[in-house]
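Novice: Given next are the chains, with one letter for each unit.
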Amino acid sequence: GAGVSQSPSNKVTEKGKDVELRCDPISGHTALYWYRQSLGQGLEFLIYFQGNSAPDKSGLPSDRFSAERTGGSVSTLTIQRTQQEDSAVYLCASSLDRVATNEKLFFGSGTQLSVL
Amino acid sequence: KQEVTQIPAALSVPEGENLVLNCSFTDSAIYNLQWFRQDPGKGLTSLLLIQSSQREQTSGRLNASLDKSSGRSTLYIAASQPGDSATYLCAVVGGAQKLVFGQGTRLTINP
Numbered sequence: 001g002a003g004v005s006q007s008p009s010n011k012v013t014e015k016g017k018d019v020e021l022r023c024d025p026i027s028g029h030t031a032l033y034w035y036r037q038s039l040g041q042g043l044e045f046l047i048y049f050q051g052n053s054a055p056d057k058s059g060l061p062s063d064r065f066s067a068e069r070t071g072g073s074v075s076t077l078t079i080q081r082t083q084q085e086d087s088a089v090y091l092c093a094s095s096l097d098r099v100a101t102n103e104k105l106f107f108g109s110g111t112q113l114s115v116l
Numbered sequence: 001k002q003e004v005t006q007i008p009a010a011l012s013v014p015e016g017e018n019l020v021l022n023c024s025f026t027d028s029a030i031y032n033l034q035w036f037r038q039d040p041g042k043g044l045t046s047l048l049l050i051q052s053s054q055r056e057q058t059s060g061r062l063n064a065s066l067d068k069s070s071g072r073s074t075l076y077i078a079a080s081q082p083g084d085s086a087t088y089l090c091a092v093v094g095g096a097q098k099l100v101f102g103q104g105t106r107l108t109i110n111p
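Line by line, the protein sequences give chains A and B. My numbering puts the first residue of the first sequence at 1, with every later residue one more than the last. My numbering puts the first residue of the second sequence at 1, with every later residue one more than the last.
Isolated chain A (complex conformation):
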């Protein structure tokens, strides 16, 4: 596709349920990021994948959060036993190479997660 695609665009779930959020990066992009944007807050880094290297999971807020990237392409962010404080917009972004090599980051439109 032409850009970063995220699905679903909106997800409403009940507290305690598990959810999966999907990200399709731009074809050929080796770097993939997940960020979270809560109402009135800035973007919070969650996890970073670069090629075949071990992901940087330093931003995941708890062990209820996990993510994987299969075949160096599609990524899934999983939140187990969702809590109301998990409600936020989850944004995925990809770049051709590491952002430190001055590659621009391209964002998807995000998944709005609402936990009731």
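Honestly, the hints are just simulated from the structure, not real lab data. Given the structure is predicted, the values throughout are model-derived calculations rather than measurements. Be aware that one or more of the hints could be misleading.
So the derived label-pair ranges between C-beta atoms look like this [unchecked claim]:
hint: 1; chain 1: B; residue 1: K1; chain 2: A; residue 2: S5; range: 49 to 55 Å
hint: 2; chain 1: B; residue 1: T5; chain 2: A; residue 2: V74; range: 46 to 52 Å
hint: 3; chain 1: A; residue 1: T76; chain 2: B; residue 2: G41; range: 20 to 26 Å
hint: 4; chain 1: A; residue 1: T70; chain 2: B; residue 2: Q51; range: 30 to 36 Å
hint: 5; chain 1: A; residue 1: V12; chain 2: B; residue 2: S12; range: 32 to 38 Å
hint: 6; chain 1: B; residue 1: T5; chain 2: A; residue 2: Q112; range: 22 to 28 Å
hint: 7; chain 1: B; residue 1: S52; chain 2: A; residue 2: R64; range: 19 to 25 Å
hint: 8; chain 1: B; residue 1: P82; chain 2: A; residue 2: T76; range: 34 to 40 Å
hint: 9; chain 1: A; residue 1: D63; chain 2: B; residue 2: G41; range: 26 to 32 Å
Examples of chain B residues toward chain A, derived with CB under 8 Å [as the list claims (entries may be wrong)]:
hint: 10; residue: A9
hint: 11; residue: S28
hint: 12; residue: Q34
hint: 13; residue: K42
hint: 14; residue: G43
hint: 15; residue: L44
hint: 16; residue: R55
hint: 17; residue: Y76
hint: 18; residue: V93
hint: 19; residue: Q97
hint: 20; residue: L99
hint: 21; residue: F101
hint: 22; residue: G102
hint: 23; residue: Q103
Glycine residues also receive a C-beta, built at the ideal position from the N, C-alpha and C atoms.
Based on the hints, put chain B in the right spot on chain A.
Specialist: Only chain B this time, still in chain A's reference frame:
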């Protein structure tokens, strides 16, 4: 720990004015600084990327400057238009290979 601050948090100006958005960061050891635009309910769109060795970048009516030693960047928008209304975010890239974002400036251009 890198911290990024954007001032003002919100700005409202009449159409046609030139304006400046400010971004400051605490750790000058950065690879680059990026400015993004976010429209309501949408993701972020990259506007300009300034490498650490550069002083400024221009794209159309937008000009971004970088003073790495003082930890400051500005985004200058010339001849503002209602379509420029959005939230503008700056972000810096350091050794951890991830962007650290400011809270953004919500810009409204009044016709």
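Novice: All hints, please: hold or fail.
Specialist: Hint check results:
Distance hint check for K1 (chain B) and S5 (chain A): the Cβ-Cβ separation is about 32 Å, which falls outside the suggested range of 49 to 55 Å. For T5 (chain B) and V74 (chain A), the Cβ-Cβ distance of about 35 Å falls outside the hinted range of 46 to 52 Å, so the restraint is violated. The supplied range of 20 to 26 Å is met by T76 (chain A) and G41 (chain B), whose beta-carbon atoms lie about 23 Å from each other. Against the hinted window of 30 to 36 Å, the Cβ-Cβ separation of T70 (chain A) and Q51 (chain B) comes to about 33 Å, which satisfies the hint.
Checked against the hint of 32 to 38 Å, the C-beta distance between V12 (chain A) and S12 (chain B) comes to roughly 33 Å, which is consistent with it. Judged by the Cβ atoms, the range 22 to 28 Å given for T5 (chain B) and Q112 (chain A) holds: they are separated by roughly 27 Å. At about 37 Å, the CB distance of S52 (chain B) to R64 (chain A) disagrees with the hint of 19 to 25 Å. Between P82 (chain B) and T76 (chain A) the beta carbons are some 39 Å apart, a value that agrees with the proposed interval 34 to 40 Å.
A C-beta distance of roughly 31 Å is found between D63 (chain A) and G41 (chain B), which places it inside the suggested range of 26 to 32 Å. With 8 Å as the threshold, the beta carbon of A9 (chain B) stays out of range of chain A, its nearest partner Cβ sitting at about 10 Å, so the hint is violated. With its C-beta approaching chain A no nearer than about 15 Å, S28 (chain B) sits outside the 8 Å limit, and its interface hint is violated. Satisfaction of the interface hint for Q34 (chain B) is found here, the shortest Cβ-Cβ separation to chain A being roughly 7 Å, below the 8 Å cut-off.
Among the interface hints, the one on K42 (chain B) holds; its C-beta lies about 6 Å from the nearest C-beta in chain A, closer than the 8 Å criterion. Against a cut-off of 8 Å between C-beta atoms, the interface hint on G43 (chain B) holds, since the closest Cβ of chain A lies about 4 Å away. Because the smallest distance between the Cβ of L44 (chain B) and any Cβ of chain A comes to about 4 Å, under 8 Å, the interface hint for this residue holds. Against a cut-off of 8 Å between C-beta atoms, the interface hint on R55 (chain B) is violated, since the closest Cβ of chain A lies about 15 Å away.
About 20 Å separates the beta-carbon of Y76 (chain B) from the nearest beta-carbon of chain A, more than 8 Å, and the hint is not met. The restraint placing V93 (chain B) at the interface with chain A holds, with a minimum CB-CB distance near 5 Å, inside the 8 Å limit. Among the interface hints, the one on Q97 (chain B) holds; its C-beta lies about 5 Å from the nearest C-beta in chain A, closer than the 8 Å criterion. A least Cβ separation of about 6 Å between L99 (chain B) and chain A falls short of the 8 Å threshold, and the interface hint therefore holds.
Because the closest C-beta pair between F101 (chain B) and chain A is about 4 Å apart, less than 8 Å, the hint holds. The beta carbon of G102 (chain B) comes within 6 Å of a beta carbon in chain A, closer than 8 Å, and the hint placing it at the interface holds. Restraint check, Q103 (chain B) versus chain A: the minimum CB separation of about 4 Å is within 8 Å; hint holds.
In this structure, the hints that do not hold are numbers 1, 2, 7, 10, 11, 16, 17, in rising order.
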